[in-house]
Amino acid sequence: MSEQEKRRYHSLEYMRRLQTSALSTHVENLTSPEDAAAPDGGISRRELLGRISKASAALAIGATGCERKPRRVIVSRAEGPEYQQPGKALHYASTFTEGPFPYGLNIKTVDGRPIKIDGNPDHPINGGVSNAQVQAWILSLYDPDRLQSPMRGEETASWAKADAAIVEVLKSAASVVVMTRSTLGPSERAMLEEFLRRFPRARHFVHESAHDAPRRAAWRKIYGVEGEWLPRFDAAEIIVSVDADFLGVDGPSLEHTRQFVQARAVNDADPAATAMCRLYAVESAMTLTGSNADHRLRLRPSAMAAFLRALRAALRGDAMRLRRLAEEHGLDERVADAIVDDLRRHRGGALVVAGGHLPENVHAAAAFLNHDLDAPGNTLEWNPQPATLPVSAPSEVAAVLSQGVDALILLGVNPVYDWPGGGFEALLSKAALSVGHDVYRTETLAACSWALPSNHGLESWNDAAPRAGLRSWCQPMIAPLFDTRQEAESLLRWTQILADPDDTIRHFGDWHDYLKHQVAQTFADVSWETCLRTGVLRTDTHTALPDFDATAAEALEQQETVAGSFEAVILPHYAVHDGRFANNAWLQELPDPISKMVWDNAAAISPKTAAALGVREGDMLRIAANGTELRVPALIVPGTMDQVAVLTLGHGRSAGGEVVLAAGGVNVAPLLGRDNPHAPRTLLRVEVSKDSGRRRLVRTQQAFALHGRPIVIDGTLAEFQADPAFVEHKRHLPREADLYAPFDYSKGHKWEMAINLNACTGCNACMIACQAENNIAVVGREECDRGRDMHWIRVDRYLTGDPENPAAHHQPMLCQHCDNAPCENVCPVNATTHSPEGLNEMAYNRCVGTRYCSNNCPYKVRRFNFRAYQDKMLRDPVQELAHNPQVTVRDVGVMEKCTFCVQRINAAKFAARNRGENVKDGAVRTACQEACPAQAIVFGDANDPESLVAKLKRSGRRFRVLEELNVKPNVNYLARIRNPHPGVGDAAESAHAKDSKDKVDMVYAQAPVRPDPINVAAPVNSVHSVHFVHPNNEGQSA
Amino acid sequence: MSADTSILKPAPLIEGRITPRELDDAVFAPVESFPTGRWLIAVSVTGAIALLFPICIANTILNGIGTWGVNQPVGWGLAIVNFVFWVGIGHAGTLISAILFLFRQKWRTGIARFAEAMTIFAVFCAMQFPLFHTGRPWLAMFWLIPYPNDQRIYQNFRSPLEWDVFAVGTYGLISFMFWYLGLIPDLATARDRAKHPFRKFVYGLLSVGWSGSNRAWTHYEKAYLMFAGLSTPLVLSVHSIVSFDFAVSVIPGWHTTIFPPYFVAGAIFSGFAMVATLIVILRRMFHLKHIITDNHLDLMNKIVIVTSLMVGYAYAMEFFIAWYGGVAVERYVFMNRAMGPYAWAYWTMVICNVVVPQLLWIRRVRRSVLLMYPIVLLINVGMWFERFVIVITSLHRDYLPSSWGMYIPTWTDIGLFVGSFGIFLTFILLFCRFLPSVSVTEMKAALLHTQSAHGGDHE
Amino acid sequence: MSELRHKQVGVAGLYDDPSALVRAAVEVRRAGYTRWDCHTPYPVHGLDTAMGIPESPVGGIGLLAGFAGLGTAIGLTGWLSAWHYPIHIGGKPLFSWQAFVPIYFELFVLFAGLTVMGLVFALGRLGRWHSPLHDSGIMPEVTCDRFAIVLEASDPNYSEDAARALLAQTGCRDIRPLIEYEEEDDAFL
Amino acid sequence: MFTRKFDRRVYVAVGVFLFSGAVAASFGPYVLWPSNREAGYAPEQPIPFSHAVHAGTLKIDCMYCHTGAETGAQATVPPLSTCMNCHEEVQPVDSRGELKPGIVTLLDHWESRRPLLWNKVSDLADFAYFDHSRHISAGISCQECHGPVEKMDRVRREWGMKMSWCLNCHMQTPPPDSAAAVRGDAMRAPIHCTTCHR
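Chains as they are written, first to last, in numbering that gives the first Met the number 0: chain A, 0 to 1037; chain B, 0 to 458; chain C, 0 to 188; chain D, 0 to 197.
Careful, some of the hints might be misleading.
Stated by the list, open to error - Below, simulated BS3-like cross-link-like pairs (lysine-lysine); rule was C-alpha separation at most 27 Å, straight line:
1. D:K4 / B:K199
2. C:K6 / B:K199
3. A:K107 / A:K515
4. A:K729 / A:K967
5. A:K871 / A:K107
6. A:K919 / A:K87
7. A:K160 / A:K429
8. A:K170 / A:K429
9. D:K161 / A:K87
10. B:K105 / B:K301
11. B:K194 / C:K6
12. D:K4 / B:K194
13. D:K119 / A:K87
14. D:K4 / C:K6
Simulated from the structure, these hints should not be mistaken for laboratory data.
Turn these sequences into a full structure, and let the hints steer you where they fit.
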């Protein structure tokens, strides 16, 4: 068989063979694995018989329901490398090539297949941490919806035929256009040039829908040279963010989060010496950055430039413009004055960042302001080689394509779906030959004449240059699962065929050789193996600051902006970004950090705007801009600016896999660039009105008010410096009294966790890390609507203060492993017990599913398998490989919860005990702790006084949730410290102040979990679960 | 002029003079006659409804508990509401047969047998729910019982659900034995009256060779007294243990110490209401008006009034304690009950259980079937909603606002509830058809006492 | 049925009034009979003392059985939870007897109830379907409204006419022979 | 109707019913669902490998083939390359001078580098995670769980390996020289659930 065929056989066949051997995967769960997937995806005959036997057993109350234990096989290799021991994990370095930013990765593989992705500790940008998209990337590898072989129209074809047909056209092609993403590695760029050199008229266009082109264009005009400013939040004392969600979706958020958290660090030992930075957020949308700001102002995008100009004038002494602007836009004068005062007093330590989607005049104003504050060199660093290529102007691309080209090659882009203003299909049809090369059969590949399957990033060789003087590599963890090929490999293959016989390009056997050659050229003294082992290489380069061309900035700044009654901002979706992760079920089910909505996108509007439009959550809105019109459901998000609609990209896709179709949502691409083609994602002239119809929006959290309960405690820096143990005054603890003598944990370990709420930004990375580590199921939109999502850790978000511009409090909530666990007392079959080391254990195979433990848990952190959620994933030979063999996969009718990653605790304990030592602090890192960008989660042995968790336990800011119930939780929360400007005082309401009195039950969510009469007509997937509607449909009182 | 003291004299047990043989004929008439058309229709209707239950159970087992409306904050739904409702109804039977026996209330003989039968059928319906509401009933039916196994792991005897297994199991068994013991002499009478050899064989087999020998009667009477003595604390303990299912938790609105007496009063209240509902129909259908007299209804309604006030007191006391205790979470839970999304269920409960039964103060209402029947029906509805309010509202909004959520029953939930009524009524109809619904032996003993005005008191 | 061979095993006297039965019983007891019994449709007050039957032990033994149940419960729950497989639950001690009390009570009642039922069957000599009363046609009357005294032939000082005389002397007007039919064949089943 | 024979028939019927119920409840499951987790289970293997010869007479150490036992959870079955260390030369012949069938299969698999599929003998349920390295470093010999393997021609499952069998050993009082005794633990090994289930 061909080399490619052998590699494929090796990987998939070997995996399937291993699957039946006990050696590798403990994936087999309680049902026997012989339930081969039924051909039509429905229930196989054997599975149906299994279920009927269970049902009859229960009804007959006689025969036991047990099934024969399958006979199992050990696959002993013929010849195997010594270092690879079955069951033992191996770690390799790689790079997040398919993501918005190429972070460094450290991937854990077991039995030759990758199962967990984390950050590469040696990588200077993300230093070992990761976000939700990085963690969820593993699921996209084992995705049966991936394009599995080359296709011509509707029928599949072999690679040989595809190459032959394509090269045959390319031979005589005069004009060739190649469209790629903006994050191309240096070797891929070299390969592309090599390929394009062969044609007389060849163009390379870069297409991105979620890009910061206006900002880069402004900088190019102002500084005359290509590059980008890198904010240094750890060096900044005052940060003013103008609609820039730098902790969320704007730029390398992991680096920003690490720096921001360093700047916010609080010195528990010596509170007086705490030097905290202060973050002012001036935003139109409620973003993750806004929720972490000390002061937050709401402003329309059109007024951002005027605001910055007013700030500059105020810095120079003329405060009148700022005051007039504040009145006109309803800004809080005290906060505006505080910004001016702070900027004046922290020259050289201040920083202004503007959102990438804003028009160029805002960036010009920001550049002026930064120069006045001489930020460049102090809090701003210049990077001449940005990770992303400049994005091509859509008008230019349209001009070239409309004349018709001989060959159009689309590598990993989906313009048919997200072309600004839509209508790319017409341009595509003009090309004689259209070739789409992507991981999924997206809308674009469906329209192309040839659809070629790409390797997933974990199956490819690649390199990336995130920054000047920094190079990282991507190496395959597994042979390609399907008949796929890397895009660069295709280019190389075509170039070699096109090239004349003696061309040097023919020397390279495949893309791997070409990559090695490129590395050898640039890094002569470094061996290929060291590159792969460390995964990242730094060369210290000195970058001179570019000179500031004031006149160009002045001209740019004067561009006047005309605004309509309504404005709209289009942001990348927090989880699926611009739609490239839309077929990833983990990301679709990840609640949005602000609205907690899953499986959908909507138009976020403020409560006042909703009232003005007479709209309830879920009602349809008609959003029209310059002729194009969209129907989008309304989502009420307190904190959004009035008369502003915030839309997200990535949904409303029509092809690319089962999950994409299940997600639904609205494609907002037609609105891109309708108002100002240079700033496509900011629409200043928009009409929004209520439309007929409703769509049920699903939230995993429906009530956001604290009702004065001391669940989340925070304080100001002044409070903290006055009394480090200020937490005690914020709640009342009854005298602790125990009926029984408490269990003695002094001997051996006592596992506890500390969560520093001052560091946690609420980014949800922990949720996906936990889902990947512990084989947690995805339940789908319908079950989420019924309140049955399975996440073991959730990030609760509470709102306090002014309902229009509230302060947000993020709190990761997971099993607290209580010493007096209420769940253990009520389990009738001893399925949940307590280990002598303080863990609340859950024996899945013993649980019979009475669900009393979940009812009795005051934190409601237990999750129940209401349906056989894992069945489909278990019976699919490819998806099954994503499971972690160290964790049992749970069957229907079984309760599950956070186990503090007991498989990792045991691994560390066994290894230490085998060596005769004790477990050192830091040897056990839970999955959420390892992923957390802010390193807010700390886990360890509380009995060891030197351990970090024991130290944090002694901090004055420590409190525990619902401590007054005397269940003795083992998760210690550290109160968040806010740093409001002394002049303004506690503008951002503390969690505790006025809110307890006000009766506003911030439940802006739609009427709770209940399908609307309108929706009942919608197809309900199972006939027996039709709901009936309560007579009291509107009950929404305090 | 002496006041009319006739009101004080105990009303005659049986209206008019009747000889034991006539009594036998009256009671055994339905048992020995060919089933009437009306009875056949009734059984086929309730049988059809009862079929709903196994269908919904099979659907639940095949597709998982997800087919019900239960979700994350509200882990228990209609199944547990039905369980407590049926166990509560069962307790009235034991109350009449045991507690009133100990208090030597003669009027109990007319309705004792029927009430005990109702207990057994109610407990049978109740026992289905805790088993089938578990996620894996095919394992739960084994692992809840401490039988010797090769895993060496047994049950957690601190859990109220484990107590339930012992309590409801014992209660079902003791009530069945108590009922069967009372039935043996009547079965002997039936055996001797039976014409058809098969009926003679069946009744003969069931009457375990009873011949009325006095040496057997001494042990029989002592045993009957012992069962009455055991059942009284048992019935109070079983419904206390059922209330422990909620009182032992930390959920606001559940962990209050008033629950055991509150649940027992509720049980007696709903039990008597159900007995009254069925007795009135039984009386008309089998012409036993002279045995189950209006006086019986009057006395039962008096007990209903008492327990209605007790339940009303409990509702008020819960609110007061929540306010007096000063715990913010408790206060919110009770305010949420009265004014939250489930306020409609709460006010239905209060009106049906406390307001409407006050009409029973009027003697005429108590004695007239037409007036008291709707009240009694509403009480059944009210008591079901009381359990609904307790189970659902406390679970759906408790400590952390982030985990609040709603509960909506699905068609499978409702199918199970209606199906359980079908099963209950089918058993009742079968009982009335095949077994004597009034305890003839005790009736004859009481007859002797009242009619022959023979001195001495009947033991 | 009638031509089957039968033999007389005693004499039975029937009364219509329970008080007459009580007086007759006193006579029979005074006459020294031991293997005799009264059959009544419902328990007649005073008949036990009249026949000299001691109070039934069912209550006492039942109570003892209850305590045996209590002991079993304490032993079972205690041994399984604290020694057989000690599992720590919710910060409670291994032998948390306070939490086991409901099971103590339930097993007390269960064992008492089962024993009482067993005793009624054993001491009341139930579970024996064969009785000469059936063959002599007295059973239907005794389980309806009439009261009978049965003097068995196996009594040491029994003689046919002495028994008839005694019954007549107590005012019994309906005296019948107690007969028992032979089996058709002597097969075991 | 109610003759003495009627009594006897009732007693016999009740007796038969109770007895058959008891027998069905105790032995039924094992008869209807024989599982491969009972003692004495000795499945046919692709190569009739004899531990008696290799471990018994030749006294090859267990760790030579099952290398994983010391360092990991699974005691691995050796790759064919380990067998070929000796069987490159040692190729025993049977009485008629031809190669023994086992050796023929081994060489055939070795040339084509095709893995061998051994039938698992000591197989625990999937939700139980047994770790060999902990037991080896605690000084437990292979024979304590797998029985006298060095005497077995075909590997047989000596004990039923059920949970109670494991717990009997875990709950013993720790032998004086063991680490548990040093730490002063009451039991030889921990018995809380997450020791084996997770």
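Taking the hints in turn, this is what the structure says about them:
Between K4 of chain D and K199 of chain B the CA atoms are separated by roughly 16 Å; this keeps the pair inside 27 Å, and the hint holds. For the given pair, K6 of chain C sits about 25 Å from K199 of chain B by alpha-carbon distance, which is consistent with the 27 Å threshold. The suggested pairing of K107 of chain A with K515 of chain A holds, with an alpha-carbon distance near 24 Å, which does not exceed 27 Å. Taking the CA atoms of K729 of chain A and K967 of chain A, the gap is about 19 Å. The hint holds against a cut of 27 Å.
Taken as a hint, the K871 of chain A and K107 of chain A pair is honoured in the structure, with Cα atoms around 24 Å apart against an allowance of 27 Å. At most 27 Å may separate the alpha-carbon atoms for a hinted pair to count; K919 of chain A and K87 of chain A meet this at roughly 21 Å. Between the alpha carbons of K160 of chain A and K429 of chain A the distance comes to roughly 23 Å, so the proposed pair stays at or under 27 Å and holds. Only pairs whose Cα atoms come within 27 Å are accepted, and K170 of chain A paired with K429 of chain A is accepted, the gap being roughly 19 Å.
The suggested pairing of K161 of chain D with K87 of chain A holds, with an alpha-carbon distance near 26 Å, which does not exceed 27 Å. Straight-line distance between C-alpha atoms of K105 of chain B and K301 of chain B comes to about 16 Å, which keeps the hinted pair within the 27 Å bound. Of the supplied pair hints, the one linking K194 of chain B and K6 of chain C holds, its CA atoms being roughly 26 Å apart against a limit of 27 Å. Distance check on the hinted pair: K4 of chain D and K194 of chain B sit about 22 Å apart at the alpha-carbon level, within 27 Å; holds.
Of the pairs offered as hints, the one joining K119 of chain D and K87 of chain A holds, with about 20 Å between alpha carbons and a cut-off of 27 Å not exceeded. A distance of roughly 17 Å separates the Cα atoms of K4 of chain D and K6 of chain C; the hinted pair therefore holds under the 27 Å criterion.
Figure legend: structure checked against the earlier numbered hints; every hint is met.
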